[in-house]
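Trainee: Here's the letter readout for the chains.
2 protein chains.
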Amino acid sequence: MKEYVVGIDIGGTFTKFGFVDRDGKIFEEGSSPSDKFDKIEDYLANLFKDIKEREKNLEAPCKVIGVGIGAPNGNFYRGTIENAPNLNWKGIIPLAEMVNKYYDVPVRLTNDANAAALGEKVYGGAQGIDNFIMITLGTGLGSGIIVNGDLVYGHDGFAGELGHTNVEVDGRQCGCGNKGCLETYVSAPGIKRTVFELLAHDSRGSNLVKYSFDEMDSELIYNEAKKDDPVALKAFEITGKILGRKLADSVAHTSPKAIFLFGGLAKSGDYILKPTKKYLEEFVMGPFKGKVDVKPSQLMDRNVAVLGSSSLIWKDVK
Amino acid sequence: MKEYVVGIDIGGTFTKFGFVDRDGKIFEEGSSPSDKFDKIEDYLANLFKDIKEREKNLEAPCKVIGVGIGAPNGNFYRGTIENAPNLNWKGIIPLAEMVNKYYDVPVRLTNDANAAALGEKVYGGAQGIDNFIMITLGTGLGSGIIVNGDLVYGHDGFAGELGHTNVEVDGRQCGCGNKGCLETYVSAPGIKRTVFELLAHDSRGSNLVKYSFDEMDSELIYNEAKKDDPVALKAFEITGKILGRKLADSVAHTSPKAIFLFGGLAKSGDYILKPTKKYLEEFVMGPFKGKVDVKPSQLMDRNVAVLGSSSLIWKDVK
Chain C
14 MKEYVVGIDI GGTFTKFGFV DRDGKIFEEG SSPSDKFDKI EDYLANLFKD IKEREKNLEA
74 PCKVIGVGIG APNGNFYRGT IENAPNLNWK GIIPLAEMVN KYYDVPVRLT NDANAAALGE
134 KVYGGAQGID NFIMITLGTG LGSGIIVNGD LVYGHDGFAG ELGHTNVEVD GRQCGCGNKG
194 CLETYVSAPG IKRTVFELLA HDSRGSNLVK YSFDEMDSEL IYNEAKKDDP VALKAFEITG
254 KILGRKLADS VAHTSPKAIF LFGGLAKSGD YILKPTKKYL EEFVMGPFKG KVDVKPSQLM
314 DRNVAVLGSS SLIWKDVK
Chain G
14 MKEYVVGIDI GGTFTKFGFV DRDGKIFEEG SSPSDKFDKI EDYLANLFKD IKEREKNLEA
74 PCKVIGVGIG APNGNFYRGT IENAPNLNWK GIIPLAEMVN KYYDVPVRLT NDANAAALGE
134 KVYGGAQGID NFIMITLGTG LGSGIIVNGD LVYGHDGFAG ELGHTNVEVD GRQCGCGNKG
194 CLETYVSAPG IKRTVFELLA HDSRGSNLVK YSFDEMDSEL IYNEAKKDDP VALKAFEITG
254 KILGRKLADS VAHTSPKAIF LFGGLAKSGD YILKPTKKYL EEFVMGPFKG KVDVKPSQLM
314 DRNVAVLGSS SLIWKDVK
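So the protein lines, in turn, are chains C and G.
Taken in order, the first sequence gives residues 14 to 331; the numbers are from the numbering used here.
Taken in order, the second sequence gives residues 14 to 331; the numbers are from the numbering used here.
What the hints contain is simulated information worked out from the structure, not anything from laboratory work.
Do not rely on the hints blindly, as some may be mistaken.
Identical copies go unnamed one by one, so any copy, or any two together, can satisfy a pair.
To be verified - Simulated crosslink set (SDA-like; lysine to any residue; CA at most 25 Å straight-line): (1) Lys103 with Lys304; (2) Lys69 with His214; (3) Lys254 with Arg185; (4) Lys287 with Asp183.
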């Protein structure tokens, strides 16, 4: 009988899901709204109605052996979502337990960046690598740290929050309440903020003067960089410098063999990779120089969060 | 038959050793010079002559079941000392293999701060704690990171070098060759450098104006702080602020339950602990606030490095 894991990726607006087989092939992918329900019970009822509907299309005979979930502020130890700022449901949600009403199989959850790290390990470029770091660059900067082949969860289940390490005392205001967090510099909104700082300083020769703060995004900055826009190029250089310097700190912590970059900003290729590598090498301590690969995720165009979430189950079965 | 592990702590000037029993009691402690021998073979011959001499004093019948070694740039995976700047023997020394000529038992080695972390775990305040960080404050800043009950060695055996994370771009010159490393601010020489910066800015009311750079040390600064010397007090505040900010970054990496401070500077008690805790709480991300204990090592007055080195063997036997 063919076995599947339901991989679920809970985002602020949509929840994506799919049936993932042992080889990392995704079947019957789908999507369901996250933000339309004030009550978690209603959200889950709707989500699992959609999932069960899709399950009918799988070739019989088949069996769901587990559910893996990536969610903002997902806590692996407790199977809970805890005080997630981007979701409607406040406080501590006992999600794993609630999902068991729909599928009476093992349910595991963790945060989305941790899930991506597992996805890279089980199906992507980190196969066979036991010490690495995954960085997801989107509206924030997420991270998953793998040590000795396992995710680092820390004593409370919330380890791996490199987006909230400090770049500058009294630096940029972060959504988390602190100031100067890495993700306020290195993320899609972060590079936009850097463009605005640069324009304030010297806007000569830049096409980026045409856009409001609301209009501008990282893709637009990337497109201008490709046309050699001086401000766009400098913004990438600064973003990579900050990321490289902070990743040098991370290397001093766990000495990874590789660091994978995933997400929108990582798709800018060498514009972000080159300065990141250059400044990582500059700031990292001697014994680590020349040892750490910084490279794009190999799952860039696949549904890494659904895949990675399913790995929460598959990694122990494989 | 009573069993012992030979615990060895290799320092730049002296090598300390002792026979450690299962309960962490040290017998026949001794010390042997490190810096008098140009050839590693001669150093080891002399050291093990001293150790074997002491062994005769142990109550018979007894047995040495392993040798644990803490050494600068000690590599756990390879059993080597690699390019240690403070030792006479350059390049890569296959130490574990060489020690086997004297004791044909398992030999393990790691760096001194990792050994201290293990000592805290097996015999000190970290008993029963599976996620913590050990910081050793001396002429440098060493660190050992414990995740899921084990030391983090990383892919190359050199993980846990928090002393060489970056505090400031183009900051103070570090012995490692880089600039702005944490240990240039937070260590015995680091706080002295901060005193000199402060005196340059405003020396009014300070007794520290009487000492040359060579004469001043962290104990002297501590003694003046106890007499409310304004520069000494401010130097501790700044040192703790930098340490607290960088430890907040470390918490975001591995989410430890506790951070232990060990060594000369840590003996200054609240002068260093209070600002460290205060600024760790200020800079750490919301979900970690109020969760991390920062406290002095419980092995402060014991030979933690000899104890910790012996733990490399005992932890797998106990």
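Trainee: The structure should be examined with respect to each hint, and the outcome stated for every one.
Mentor: Hint by hint, here is what the structure shows:
1. Lys103 with Lys304: Result: close only across copies, 21 Å inter versus 43 Å intra.
2. Lys69 with His214: The answer is neither: 59 Å in one copy and 75 Å across copies each exceed 25 Å.
3. Lys254 with Arg185: both (16 Å within a copy, 19 Å between copies)
4. Lys287 with Asp183: Between copies, since 21 Å is at most 25 Å while 28 Å is not.
In terms of the numbered hints stated before, the structure departs from hint 2 and from no other.
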